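Protein chains in written order, with this note's numbering: chain A, 5 to 427; chain B, 53 to 153.
Hints are supplied without guarantee of correctness; some may be wrong.
Derived coverage of chain A by chain B (criterion: at least 3 residues anywhere in the stretch with Cβ under 8 Å from a Cβ of chain B; other residues may be distant) [said to hold, decoys possible]:
# : stretch
1 : 53-59
2 : 330-343
3 : 391-399
4 : 416-423
These are computed hints drawn from the structure, not numbers from a lab.
Values in this document were obtained by computation on a predicted structure and should not be read as measured data.
Virtual Cβ for every residue (Gly too), placed ideally from N, Cα, C.
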Amino acid sequence: MTALRTSRREFLKAAAAGATLLPLPAIAQGAAGRVVVVGGGFGGATCARFIKRIDPRITVTLVEANRTFIACPFSNTVIAGLRDLKAQEFGYDKLASDQVVLQLSPGTAVDPQGRIVTLANGTQLSYDRLVLSPGIDIRWDGLPGYTEAAAERMPHAWKAGEQTLLLRRQLEAMEDGGTVVMSAPANPFRCPPGPYERASLIAYYLKTKKPKSKLIILDAKDAFSKQRLFQNAWKALYPNLEWVSLSSGGKVTSVDVGAMTLVTDFGRHKADVANVIPPQKAGRIAELAGVADRTGWCPIDPATFESKLQPNIHVIGDASIAGAMPKSAFSANAQAKICAAAVAKLLAGGKPDEPKLINTCYSLVAPDYGISIVGVYRPADGQIKEVEGSTGVSPLDAPSSTRALEATFANAWFNTITTEVFG
Amino acid sequence: MNAARIVTAAALVFPLIGDARAAGPADAPPGALACSGCHPAARSADATMPRLMGRNPADIVAAMAAFKSGQLPSTVMDRIAKGFSEDEVKAIAAWYAAQKD
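Put together the whole structure using the sequences plus the hints.
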């Protein structure tokens, strides 16, 4: 296996010595190729596994900063005290038994010309094709006053883990009669229905444990995913939940951590517990690789997920600009499988097929109350577009048995997808 | 028309479709790879959702038609079925039929 390079200096020396000494692509040497995947979440871990499944001769290396992956879907139930964080944790052992080479160190640089990824531990990996699935980073410059230190007082909990537990502990410590204030960002961001599922489950926690308390959602938007379904459920279940839209002055323009206050153009909202979901961008490695554009996200070819900015680099999942597809775990997993097939085909000198993709996102309004949004997608006019008539949400007038069934299916989905990715 | 009758009718129309495609994710027809986000590929996975692997393709084709028309009640499949043509569904069904455990 040739994916490990001992030193960048050696590579540069070889490059300087002349074109004949440049490392040839693995295909030209008769091998199947080397793929490096950066990011071991729903996108990256799926992609690494499927490339190996499609062509076991391809050397696949997965670069990931953490030994344990903590899943975001269902982490809102952890915040509401309905689930243990342990149920969100997954390891990479099964990927290793599938002969995916694990490099548990963050990627720190990408050289798109030399086709080399450098890791924090100094390792350098050469690739024929690179897949980036870095998820999101918080825009620490996106909301005045909201710094990394501020997030220790006002958690975002938009990456599951310690932040999730911090928000849970704050809710548990709050007196009955307290005020929880959440802020939701403008589009695009990870998990479009996520803030509203979270609001629902926090409201459920307050209703059952601290019924004199209230919850305010300050929103930088006038419309959101599954809006009528959420709002109907809130009206029926959570009278103490108030949603403030953009046009009603909901956009948070700064936070004052010392005063535990969220500031809008219309006023100041003092919180006992504040959950700030800040503006986001593609994970940092995307920027370093030169595949993120001015929006902070990554434009891609809709059939292969190859970057429109750098050849031989593919971007999947939340970091990509996937047109009509939302930034969800289901999307990342579906995109990863399409990307894996495309990468294997391109390495073999073939032409990838036109794909079709599906997304299904469940949200829990209460533990036994699930709602969903689905869509079928295909490439059209250089973007990923919805297939007409395929997209839609759960019916507005469904009986409680349907809501309970969708809650059951939500749980089943989580178990199935995490088994496909990590099991 | 109930679901069992739809399945039987479809079985007569598409008898040998299972041989139509090679197996393997590289040969998966458009849309097929997304199904396993909910329908478990592995036997060990959650059994709430039916597995598609090795299933009679006529059953899948009939179920998708019934979801699309609303004859078979569903939560999300009515919406998903509307995103696929009959030929696309046949190709997906044939591919799943050819999948081995």
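_Of all the hints numbered above, which does this structure not satisfy? Sort the numbers upward._
Those not satisfied: there are none.
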